[in-house]
Amino acid sequence: MLEFHQWVILLLFAAFVAQDTTAGPQILVSEPLVSGPLVGWFLGDLNLGLFIGIAVQLLWSGAVPAGSALFLDVNIGTMCAVAVAITAGKTLLAMAVSLAWMIPVGLLGCGLTALNRRLGDRIVSSVRPESDRGRLIALRHLSGWALAGARGMLTIAVGVLLGGMVVPSLALWVGPAVNPVLLWAGILGAGAGVALGVTWRYSHGKAAMLGALVAIAAWLLGMRFG
Amino acid sequence: MADQEHTPAQRGIPKRTPADAPPIPRSVQAQVVVRSAWIQSSLNYQGMQNLGRLFCLVPVARWLKLEKSEWPGFVRRHLGLFNSNPFISPLGLGALARLEADHKRGAQPLAGSMIERFSERLSTPLGAVGDELFWAAVRPQMVLLGCLVALTAGMWGPITLVVGFTAWQALYRWKTFTWGWVSGSQVASVLRDRRLRLPAQRAGLVAAACAGSLGVLLFLRHQGQIAGGHSWWSGAAFLVAAVSAGIWVHAQRPPTWALIGGLGWGLLASVGEHLFAR
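So the protein lines, in turn, are chains A and B.
Residues in the first sequence are numbered from 1 upward in steps of one, following this note's numbering.
Residues in the second sequence are numbered from 1 upward in steps of one, following this note's numbering.
Any given hint could be a false lead.
[As the list claims (entries may be wrong)] Beyond 10 Å from chain A on every Cβ pair, some chain B residues (computed):
| id | residue |
| --- | --- |
| 1 | H103 |
| 2 | K104 |
| 3 | P140 |
[Stated by the list, open to error] Covered stretches of chain A (in silico footprint by chain B; criterion: 3 or more residues with CB under 8 Å from a CB of chain B, positions within the stretch not fixed):
| id | stretch |
| --- | --- |
| 4 | 9-18 |
| 5 | 153-167 |
Hints listed in this document are in silico derivations from the structure and should not be mistaken for laboratory results.
Predicted model only: the values in this text are computed from it and were never measured.
Yeah, the Cβ is synthetic: ideal placement off N, Cα and C, and Gly gets one too.
Take these sequences, add in the hints, and give me the full structure.
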């Protein structure tokens with residue numbers, strides 16, 4: 001269970017992550033590679049957050065969060081996965097199941113994003129050209145930013161509360177049948193495959209091959225001298 | 001011949017401020033550029049970034065000292081459809097600011113729907129070029145570089161991602177506003193210039209090299225952490241998941257299914273391991 005101050009930090013950070021995703025300033029603090037370890041750090045396990053962050057980031061390395069497109073809210077989903085994995089016992093199995101839990105949380109975030117855009121329509125229609133000047137225009141515009149923050153808070157609250165109940169039960173249920181090491185082999189393999197698939201068009205595998213050779217050479221040198 | 005066929009306005013990215021482009025104070029440019037980071041705050045289905053564009057151009061209106069009677073016209077002109085990639089939106093904002101400044105100076109009268117038509121025509125290329133540059137090349141480059149650094153140096157990975165991407169976007173936001181301001185109504189020529197897209201190709205190559213390194217490092221690390229018996233099943237699950245996810249995403253399918261596929265291959269390997277252990 002999370003303590004009160006951890007909830008406060010998590011909700012505030014979720015608000016900023018939801019805002020950074022589309023509403024601004026888009027400095028990519030919202031990306032799983034950044035938000036995952038930060039949540040892990042807030043909740044006492046930075047390495048777990050970094051591990052989940054890398055896995056999700058690789059899987060969504062080619063996702064395009066472009067303006068009008070609706071997409072699975074993986075940024076809040078990653079925060080939720082890290083928080084739930086920590087509360088569910090920090091095991092490899094709990095982490096893998098938390099990652100799967102990210103999908104319904106991301107869908108909830110996606111639905112709330114659509115609602116956010118519709119509220120944006122209302123904000124714009126409230127503008128009065130005859131009377132609105134600089135400050136009022138800024139206020140109306142930035143109310144959309146505040147709504148994005150509220151969306152993030154709501155998504156993480158629902159995701160962590162429900163995930164805290166669902167994920168441990170699911171892990172207990174599938175635990176005897178699966179080897180978590182093999183589950184993670186599949187997840188990390190899929191992440192590596194997505195990264196290669198997304199960047200394939202730039203050199204048809206030549207640059208990737210060069211990168212792979214450098215990594216193998218570095219690994220062999222490490223084995224020989226390290 | 002080529003010079004005769006191309007007017008100066010069609011030469012693409014301007015190298016220096018032409019004599020006819022009035023200077024814009026750096027403080028005003030800085031305000032517009034900083035505000036452009038929040039251009040999507042009120043993103044909506046009908047006008048997309050219309051209110052965002054108006055919000056960004058308010059410092060220009062203040063600099064131009066619009067009369068009280070001129071404000072309603074200014075607000076109406078910029079409430080029409082506007083959609084662009086947020087990172088190169090200052091290109092459009094610079095061009096619109098220039099049109100407003102020319103209008104105020106009396107150099108170029110603004111017909112009723114001119115700004116609306118200009119914005120609508122600019123929206124599609126601004127979005128397409130920016131998405132190709134930032135979402136398809138620079139973001140994957142910084143994200144994969146960040147993952148590579150994170151695998152080898154921990155928290156330096158996220159720091160690399162945030163600092164690197166912020167530097168890219170700050171450079172582009174500032175430069176594109178200048179190009180938009182200098183080009184004015186001829187801003188489409190900047191979008192056609194291949195030099196604007198060149199960094200995308202280079203960033204894409206770096207991203208691809210990082211992806212290759214990451215694939216090898218993840219495989220070796222995961223295999224290295226496994227003691228004994230799991231390694232064949234683990235290696236098989238990793239490789240099959242990698243190939244299927246790569247093909248899936250290369251065919252423009254959503255990555256959610258890559259995660260589901262990865263979990264599925266891991267589950268299948270678990271079942272296989274149970275069966276063969278007996």
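Three or more residues of the stretch 9-18 of chain A near chain B by CB distance under 8 Å?
-> violated (count 0)
Holds or violated: is the Cβ of B/P140 farther than 10 Å from all Cβ atoms of chain A?
-> At roughly 6 Å from the nearest Cβ of chain A, B/P140 sits no farther out than 10 Å, so the non-interface label is violated.
Beyond 10 Å from chain A, beta-carbon-wise, is B/H103?
-> holds, 17 Å
Check of the stretch 153-167 of chain A against chain B for coverage (Cβ-Cβ below 8 Å, three residues minimum) = violated (count 0)
Minimum Cβ separation between B/K104 and chain A greater than 10 Å?
-> The assertion about B/K104 holds, with a minimum of 16 Å to chain A.
Of the hints listed earlier, those the structure fails to meet are numbers 3, 4 and 5, in rising order.
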